[in-house]
Amino acid sequence: MEYILNPWPWYITGPLIALIMATLLYFGKTFAMSSNLATMCSIAGAGKFIEFFKSDWKDKKWNLIVVLGAVIGGFFAKNFLSNDSVTNLNKKTILELNELGFKNPGKTIVPNEIFSFEALTTSHGLPILIIGGLLIGFGTRYAGGCTSGHAITGMSSLQKPSLIAVIGFFIGGLIMTNFILPYIF
Amino acid sequence: MKYLKFLLVGILLGIVLYKSEAVSWYRIYEMFRFQSFHMYGIIGTAILTGIIFLNISKKNHLKNLLGIEINVPEKEKGFIRYIVGGITFGLGWALIGACPGPMYILVGSGVYTMLIVIFGALLGTLIYGALKSKLPH
Chain A
1 MEYILNPWPW YITGPLIALI MATLLYFGKT FAMSSNLATM CSIAGAGKFI EFFKSDWKDK
61 KWNLIVVLGA VIGGFFAKNF LSNDSVTNLN KKTILELNEL GFKNPGKTIV PNEIFSFEAL
121 TTSHGLPILI IGGLLIGFGT RYAGGCTSGH AITGMSSLQK PSLIAVIGFF IGGLIMTNFI
181 LPYIF
Chain B
186 MKYLKFLLVG ILLGIVLYKS EAVSWYRIYE MFRFQSFHMY GIIGTAILTG IIFLNISKKN
246 HLKNLLGIEI NVPEKEKGFI RYIVGGITFG LGWALIGACP GPMYILVGSG VYTMLIVIFG
306 ALLGTLIYGA LKSKLPH
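Note that the protein sequences, when read in sequence, are chains A and B.
For the first sequence, the positions run 1 to 185 when the working numbering is used.
For the second sequence, the positions run 186 to 322 when the working numbering is used.
These are computed hints drawn from the structure, not numbers from a lab.
These figures come from a predicted structure and were not determined experimentally.
Heads up, a few of these hints could be off.
Below, a list of computed lysine to any residue pairs in the SDA-like style, where the Cα atoms sit at most 25 Å apart [stated by the list, open to error]:
no.	chain 1	residue 1	chain 2	residue 2
1	B	248	A	26
2	B	317	A	3
3	A	103	B	312
4	A	48	B	317
5	A	29	A	58
6	A	29	B	221
7	A	58	B	220
8	A	160	B	193
9	B	187	A	23
10	A	54	B	263
11	B	317	A	49
12	B	244	A	27
13	A	60	B	262
14	A	107	B	190
15	B	187	A	75
16	A	61	B	244
17	B	262	B	322
18	A	103	B	269
19	A	48	B	257
20	B	187	A	116
21	A	54	B	188
22	B	190	A	15
23	A	91	A	130
A few chain B residues facing chain A, derived, Cβ under 7 Å [as the list claims (entries may be wrong)]:
no.	residue
24	195
25	223
26	252
27	265
28	321
Backbone N, C-alpha and C define an ideal beta-carbon position, used for all residues, glycine too.
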């Protein structure tokens with residue numbers, strides 16, 4: 001039981017993610033989480049104004065069910081499959097984050113400095129969440145996929161467009177973490 | 186009943202990504218600072234296992250539940266959309282510490298402010314849809 005309650009190692013996780021991809025392919029679908037955002041726009045009626053969202057979303061209902069499952073899985077993992085272990089971060093990472101003003105790196109799954117309700121009341125609280133969301137939504141649709149569609153499915157099937165997209169993900173991530181984050185905090 | 190299998194896949198996805206700390210903002214920060222192997226190990230072994238699975242299924246002409254040979258849809262050719270879209274998403278990924286799967290998983294785990302991020306992501310998707318014909322692909 002201890003094995004399940006402690007954080008899972010990478011060499012168990014990677015193959016399990018591939019298993020999820022394989023299972024969805026077996027069901028005749030593909031592993032593509034970001035496309036749900038476009039489906040939700042279609043459901044909300046965006047197709048009345050924008051051609052891109054004119055689609056029969058009923059074909060994509062299965063993927064929204066995967067999202068619902070992910071929410072339930074997150075709830076279940078946090079409340080029933082976790083102990084009070086902390087994220088085993090590199091000591092250097094912890095020191096760096098302390099210097100940036102993050103008080104307890106790794107004690108929670110996400111930093112309170114960004115995601116707590118109190119953080120929302122600071123000057124940069126709400127803009128970070130909205131701008132971050134905008135970048136994720138715009139970027140994934142422009143690139144035609146995210147970590148699941150490009151990094152896992154596209155790379156597993158050795159597709160060049162996915163390799164270009166993943167290189168893009170890393171360029172963007174490296175710029176944000178190394179050159180922009182230190183100026184925000 | 187038709188959808189139960191997808192619900193189970195989603196639950197498994199949520200548990201796996203939560204328990205491996207792949208949904209941790211700190212793990213993403215650490216990855217982009219090259220200070221840990223954890224995330225590279227996860228993504229690397231996922232791709233490696235995926236390559237092996239797709240090779241086996243291709244060689245043996247494995248069929249899916251509908252009786253059609255398993256095959257991954259081909260992405261459209263292109264460059265600009267993948268690199269520019271990719272960089273844009275990467276900026277958001279590192280800022281929020283979550284990609285589109287983990288956003289939902291974290292809401293389930295009680296990070297309710299992530300709903301604001303999801304709202305932003307819906308807005309971003311809407312903006313892309315509106316500008317699509319004007320953007321280089």
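Right, here's what the structure says about each hint:
| no. | hint | result |
| --- | --- | --- |
| 1 | B/248 with A/26 | holds (7 Å) |
| 2 | B/317 with A/3 | violated (47 Å) |
| 3 | A/103 with B/312 | violated (36 Å) |
| 4 | A/48 with B/317 | holds (16 Å) |
| 5 | A/29 with A/58 | holds (14 Å) |
| 6 | A/29 with B/221 | violated (33 Å) |
| 7 | A/58 with B/220 | violated (43 Å) |
| 8 | A/160 with B/193 | violated (31 Å) |
| 9 | B/187 with A/23 | holds (15 Å) |
| 10 | A/54 with B/263 | holds (23 Å) |
| 11 | B/317 with A/49 | holds (13 Å) |
| 12 | B/244 with A/27 | holds (19 Å) |
| 13 | A/60 with B/262 | holds (24 Å) |
| 14 | A/107 with B/190 | violated (34 Å) |
| 15 | B/187 with A/75 | holds (23 Å) |
| 16 | A/61 with B/244 | violated (31 Å) |
| 17 | B/262 with B/322 | holds (9 Å) |
| 18 | A/103 with B/269 | violated (34 Å) |
| 19 | A/48 with B/257 | violated (31 Å) |
| 20 | B/187 with A/116 | violated (38 Å) |
| 21 | A/54 with B/188 | holds (23 Å) |
| 22 | B/190 with A/15 | holds (19 Å) |
| 23 | A/91 with A/130 | violated (30 Å) |
| 24 | 195 | holds (2 Å) |
| 25 | 223 | holds (5 Å) |
| 26 | 252 | violated (9 Å) |
| 27 | 265 | violated (9 Å) |
| 28 | 321 | violated (10 Å) |
In the structure shown, a violation is registered for the earlier hints numbered 2, 3, 6, 7, 8, 14, 16, 18, 19, 20, 23, 26, 27, 28, in ascending order.
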